[in-house]
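My request is simple: use the sequences and hints to build the entire structure.
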Amino acid sequence: LRPGSMASSADNEPTYFIAGPADSTDFAKMEYLGELLMRNLPDVSVEVHRLHPEDWPAYAAEAARRLGFSRFADGHAAFAWTAAGYCVGDASQFNANCIKKYNVSFDTAYANDHWDKIVAENLEEASVERSLHHARTSGERVQPSLPPPGEGSLYGRTGIDQLFYGARRVRRGEHRDWSREPLGALDTPEVVVVVPAGAQLVPHKLFDVPESVLFIVQSPGGALTPDCLEGISYGLTELRCPGLLLLGALHCDAVDLALKVAQAAQRGMTVPLAPSERAYAEPMAAAFSRVLTNAPPATSQAALRAACVEEWLRSCEKQLRETVPATLALVRHRELHIACGLCDGVSVDMV
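Numbering (this note's numbering), first residue to last: 220 to 570.
Hints were generated in silico from the structure; no laboratory data involved.
Hints may be right or wrong, so weigh each one.
[What the hints assert, rightly or not] Straight-line Cα separation of at most 25 Å, SDA-like style, residue types lysine to any residue; simulated pairs:
| hint | residue 1 | residue 2 |
| --- | --- | --- |
| 1 | Lys537 | Met488 |
| 2 | Lys319 | Tyr305 |
| 3 | Lys336 | His552 |
| 4 | Lys424 | Gly392 |
The following block contains the structure:
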């Protein structure tokens, strides 16, 4: 989640705003709950304002004055509020609110050492954002830099978080003015995006980012064919992109064919496939069959299709993490972050 402008509530669900210093464990826990809500409740949106510790006191004082939350004016704690201007409170109060309304909590999410790791990552991201802000205001050119050894996955996660934050921005009808970015900040790609060929998806428009920050690899159905893996390898090793996003499409010819093959197999039948189709349709159909076999009888066709594509994305991610040598090594050395997204042609959500 990245800092952004305040937005109105989505439909009938409240929109939460969370603000806090990047070096705060309480803030990290509140941010975790915000991400959890958005992953499981599409109508709930959360805006996170993550501040560098040096910038937090001034921000807290101004926000508390403007919102009327005087008890948080001294910056002693992160806090949350709703679009209606209701002060939810600090971390413990926000946690209690989420337990009561949504039955989710951060109480047993992670061990203390893992929270410490998240706080360290938050602080690193806030420091990068602060440097970029300085470059914007001073007019300096940002020099492309590689992540320090062992921190590529952090940079990759940040880049992919930016993409999904942009996707939520697009859903609200908002668009970021990228012309304000400092010179050089957008010169090199940050994320390799695997896109299903023929799905008519335009990733930079879906995510509201400049084309230059994405390296696109197209493949039938997003299958990890030899050509696809070669493109991924180039983006990760030659262009040094620290993020890899597998994008699935609900509506494309490859999904239609794989569903046809999987459904025919359940009836003991086969579908004739050309050699070029077999390379992607058979592994996709195998993933789809796992869903079709276990799906309740009353499941709608739309829900089945979405579940099948999600299962396919997860199987591709597992293959990249466990069996593809290039990506396996990068993941083990914390140089790569891999994520999946599901697109209906208009919007995209993380899965």
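So, going through the hints one by one against the coordinates:
1. Annotation: proposed proximity of lysine 537 to methionine 488 is violated, straight-line Cα distance about 29 Å (limit 25 Å).
2. Between lysine 319 and tyrosine 305 the alpha-carbon distance is near 16 Å, which keeps this suggested pair within the 25 Å criterion.
3. Note on lysine 336 and histidine 552: the hinted pairing holds, with a Cα-Cα distance of about 16 Å set against a maximum of 25 Å.
4. About 12 Å separates the Cα atoms of lysine 424 and glycine 392, which keeps this hinted pair within 25 Å; it holds.
Hint 1 from the earlier list is the only one contradicted by this structure; the remaining hints agree with it.
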